[in-house]
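Asker: For chain A, the structure is supplied; the task is to place chains B and C on it using the hints.
Residue numbers (my numbering), protein chains in the order written: chain A, 1 to 251; chain B, 1 to 178; chain C, 1 to 360.
These aren't lab readings, by the way, just hints derived from the structure by calculation. Virtual Cβ for every residue (Gly too), placed ideally from N, Cα, C. Each hint should be verified, as a subset may be incorrect.
Said to hold, decoys possible - Simulated pairs of lysine-lysine, DSS-like, Cα-Cα distance not exceeding 30 Å:
id, chain 1, residue 1, chain 2, residue 2
1, B, 120, B, 57
2, B, 29, C, 302
3, B, 108, B, 29
4, C, 302, B, 57
5, C, 205, C, 195
6, A, 192, C, 205
7, A, 192, C, 207
8, B, 101, B, 57
Claimed, not checked - These stretches of chain C come out as covered by chain A in the derived footprint (C-beta under 8 Å, 3 or more residues):
id, region
9, 88-101
10, 120-126
11, 205-212
To be verified - If you anchor each label on the Cβ, the simulated ranges turn out as follows:
id, chain 1, residue 1, chain 2, residue 2, range
12, B, 2, C, 236, 35 to 41 Å
13, B, 163, C, 110, 34 to 40 Å
14, C, 123, A, 200, 57 to 63 Å
15, A, 99, C, 219, 26 to 32 Å
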Amino acid sequence: MVVFERPRSLSPLPFHYCPGCTHGTVHRLVAEAIDALEIERRTVGIAPVGCAVLAYDYFECDMVEAPHGRAPAVATGVKRTRPDCIVFTYQGDGDLAAIGTAEIVHAGARGENITIIFINNAVYGMTGGQMAPTTLPGQITTTSPYGRNVKTQGYPIRICELLSTLDGVAYAERVAVSNPKNVLRAKAAIEKAFRYQTEGRGLSIVEVLSSCPTNWGMTPVEALRWVEEAMIPCYPLDVFKDTGAKGGMNK
Amino acid sequence: MTSRIILAGFGGQGILFAGKQLAKTAMHKGRHVSWLPSYGPEMRGGAANCSVIISDKEIGSPIISQPDILVALSLPSFSKFEPAVSEGGLLFANSSLIPEKSKRGDIKAHYIPATELAAKNGLAGGANVIMLGYLLYVTRLFDYDELIGNILSSIPASKSALIEGNKKALLLGYEYRG
Amino acid sequence: MSQKVLMKGNEALAEAALRCGCLYFFGYPITPQSEVSEYMAKRLPQAGGLCLQAESEVAAINMVLGAAAAGVRAMTSSSSPGISLMSEGISYLVGSDLPCLICNIQRGGPGLGGIQPTQQDYLQATKAPGHGDMHLYVVAPASVQEMAGLVARAFDVADTYRTPALLLADGALGQMMEPVDFDAALSVRRDLPEKSWATTGHGGKRKKNIVNSLYLSPEALERSVLSRQERYREIERTEVLCEETDTADAEIILVAYGISARICRSALEAARAMGIRAGLLRPITLWPYPRAALLRAAGHAKHFLVVELNIGQMVDDVRVATQCHRPVSFFGRCGGMLPTPEDVLAEIVKIHESIREEGA
Chain A
1 MVVFERPRSL SPLPFHYCPG CTHGTVHRLV AEAIDALEIE RRTVGIAPVG
51 CAVLAYDYFE CDMVEAPHGR APAVATGVKR TRPDCIVFTY QGDGDLAAIG
101 TAEIVHAGAR GENITIIFIN NAVYGMTGGQ MAPTTLPGQI TTTSPYGRNV
151 KTQGYPIRIC ELLSTLDGVA YAERVAVSNP KNVLRAKAAI EKAFRYQTEG
201 RGLSIVEVLS SCPTNWGMTP VEALRWVEEA MIPCYPLDVF KDTGAKGGMN
251 K
Chain B
1 MTSRIILAGF GGQGILFAGK QLAKTAMHKG RHVSWLPSYG PEMRGGAANC
51 SVIISDKEIG SPIISQPDIL VALSLPSFSK FEPAVSEGGL LFANSSLIPE
101 KSKRGDIKAH YIPATELAAK NGLAGGANVI MLGYLLYVTR LFDYDELIGN
151 ILSSIPASKS ALIEGNKKAL LLGYEYRG
Chain C
1 MSQKVLMKGN EALAEAALRC GCLYFFGYPI TPQSEVSEYM AKRLPQAGGL
51 CLQAESEVAA INMVLGAAAA GVRAMTSSSS PGISLMSEGI SYLVGSDLPC
101 LICNIQRGGP GLGGIQPTQQ DYLQATKAPG HGDMHLYVVA PASVQEMAGL
151 VARAFDVADT YRTPALLLAD GALGQMMEPV DFDAALSVRR DLPEKSWATT
201 GHGGKRKKNI VNSLYLSPEA LERSVLSRQE RYREIERTEV LCEETDTADA
251 EIILVAYGIS ARICRSALEA ARAMGIRAGL LRPITLWPYP RAALLRAAGH
301 AKHFLVVELN IGQMVDDVRV ATQCHRPVSF FGRCGGMLPT PEDVLAEIVK
351 IHESIREEGA
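For reference, chain A alone in the conformation it holds in the complex:
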């Protein structure tokens, strides 16, 4: 009996991600959700610019590689012209929460019927550990070498809370992939975010708190602990909006 196998929607390729990086985990969860809903034949994924830029190689569905931050606009172009396709973006925090803020906010405002997988690891990974819009106050990065000073470098952006105020957003939940229990919650959230698209509910976003041991200068285990001890207090795990819940719950 096979107890563990590769999801159909995940390509049989070795990931290029660093040891201890949680992108691989999230990729797997996305692929599992696509498999569970049996939508891989009509799914089109939009890859970002950032560590996950090669995501187009890792999913066994049609993929488009978008310019930095523009994935929600590209997704809009695909979804509006091919409404039967299931369209998702996979974006990091620099991509979505800095350069692509306008695109994600307006995709939400328009209620684009797409799914957004948003990786928040509080740092620019691919370019080598610079400060991100999601970097924590006091956090040291290569461009905040004295720690992020909120007086001069501003405050972290809480994307799920922000997007949950938009009428076009159907579902916004923040999860973490820091321990098995949280991974299971993340799996359920990601599947729901895809299911809501099949039901035509509007934009769904799952923000995934992820680790970046390489750029944080930690071991993988330390990094997962840091997600829980440092990130979750700033980015609480919660469902911020769920139009499918009883009474269309909105926090």
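Answerer: Leaving out everything else, chains B and C in the frame of chain A:
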């Protein structure tokens, strides 16, 4: 034979509409035409003008530096374009809003109190079409029926109330004799 | 009854696109091209298509990218500052080999510039519309009728060679009305290749498609760039368009495109009436450029006069094309100022006199 016509006035006076009627009527007669509007933040209230060229041959520049015919509905447009009218050209001035007379001896000037005529006949906003009627009478650019047919076909069904007003306005101008 | 309708250039290009099967328009309002999106907003829903007003030109061009990746005919239009914003997406469209139509109804620059007609984006359009070794198929209509016809051609070339096409017009052509005969404008139809590369969901019937412009291996990137260059060479061989008026016996040849060519046509008539042997060579494609026609003309013409609504952007292309066999002069206005035919005629007369003096 080429006619270069500038229609000018305030935004909101229906300058562009009037120019379009000339261009469209000429097009339906198989002539070459171009219609070039001034554009920008002057949709209402500011200065508005358009250049209409009607020709037997293909039209080069759609821009008119020296009009053969000037239709001026406001004083600023009169002041701006009257000196540019080509020698032997025609001027049609809305004397309700243009108290001045052309001092040029080399053009033929025609005056019609279009705004007053419109007001007296309950045709608010009809000065443009009254001017067209007068222009038509003087120039015989088109047959009366051709022009009125085109004007009426430009009125959308949702604004059919405007049909009678436009008919009346064109006739008023056409029958005006100074 | 003629088939002709009186339309603005902006409306004619929109209607032509729709009739060419472009049912998807993404844009952001900007003067002097807003009629394009207004027209599309009215007509596309009736035609079963979609006109979406994006949050920015940046988003609009990326929506076009997504739609083009999904295999449909899609377009956007803007004016100069908006096109600058789109240059990122334009480069990605090229890198991803996606066909689409982009319209630039030019206004004055740099910066916010002005809203009156210019041709100040010639170099951007033909030399550097985005980063990387790239070109767009660039067409420059000179009448409202041609606005419609070149939309059709641009879409066909885009689909044939998997390249974005750019229609470069200006505020005057966009705003002016002229008669259009759409049947005549859209009479040429090509057999177009299947878009088997489109990302529409593999349906379990084929391998997955990837639309992408990233190549981490320099060898692979070079191969990709060079294979695109081969397509560019093919476009140069087969898709150049220009129009010559009275050039056969001309001593002085005017070179102008778009609205400047219209002004030149009037100047040309006046020059001929004065007995000056002048002609007009009007590039209709700005990339690829009609180099062969210019070189041919350089065989007999004595002098070239380039007329543009800018400070001299195409003039070097004329010098290169004519291989500097003949003197090339320039006359232009910018910022939204339009030269009159009389202004151009004065330049022609000056050149004519200088030729006579040399001959004497």
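Asker: Does each hint fit the structure? Answer for all of them.
Answerer: Verification of the supplied hints:
1. Distance hint between residue 120 of chain B and residue 57 of chain B is unfulfilled; the C-alpha atoms sit about 42 Å from each other, more than 30 Å.
2. Pair hint residue 29 of chain B plus residue 302 of chain C does not hold up; C-alpha atoms about 42 Å apart against a cutoff of 30 Å.
3. Using a Cα cut-off of 30 Å, the hinted pair residue 108 of chain B and residue 29 of chain B holds, with the two alpha carbons roughly 26 Å apart.
4. Distance hint between residue 302 of chain C and residue 57 of chain B is fulfilled; the C-alpha atoms sit about 29 Å from each other, no more than 30 Å.
5. In summary, the hint linking residue 205 of chain C to residue 195 of chain C is supported, as the alpha carbons are separated by about 15 Å, within the 30 Å threshold.
6. Annotation: proposed proximity of residue 192 of chain A to residue 205 of chain C holds, straight-line Cα distance about 27 Å (limit 30 Å).
7. The straight-line distance between the Cα atoms of residue 192 of chain A and residue 207 of chain C is roughly 27 Å, inside the 30 Å bound, and the hint therefore holds.
8. Straight-line distance between C-alpha atoms of residue 101 of chain B and residue 57 of chain B comes to about 34 Å, which puts the hinted pair past the 30 Å bound.
9. Under the rule that three or more residues need a Cβ within less than 8 Å of chain A, the assignment of the region 88-101 of chain C holds, with 4 such residues.
10. A stretch counts as covered by a chain when three or more of its residues have a beta carbon under 8 Å from one of that chain; for the region 120-126 of chain C and chain A the count is 0, and the coverage is violated.
11. For the region 205-212 of chain C, the stated coverage by chain A holds: 5 residues have a C-beta nearer than 8 Å to a C-beta of that chain, and at least 3 were required.
12. With their beta carbons about 39 Å apart, residue 2 of chain B and residue 236 of chain C fall inside the hinted range of 35 to 41 Å.
13. Roughly 49 Å separates the CB atoms of residue 163 of chain B and residue 110 of chain C, a value that falls outside the hinted 34 to 40 Å.
14. In this structure the hint that residue 123 of chain C and residue 200 of chain A lie 57 to 63 Å apart at CB is violated, the actual value being about 46 Å.
15. For residue 99 of chain A and residue 219 of chain C, the Cβ-Cβ distance of about 29 Å falls inside the hinted range of 26 to 32 Å, so the restraint holds.
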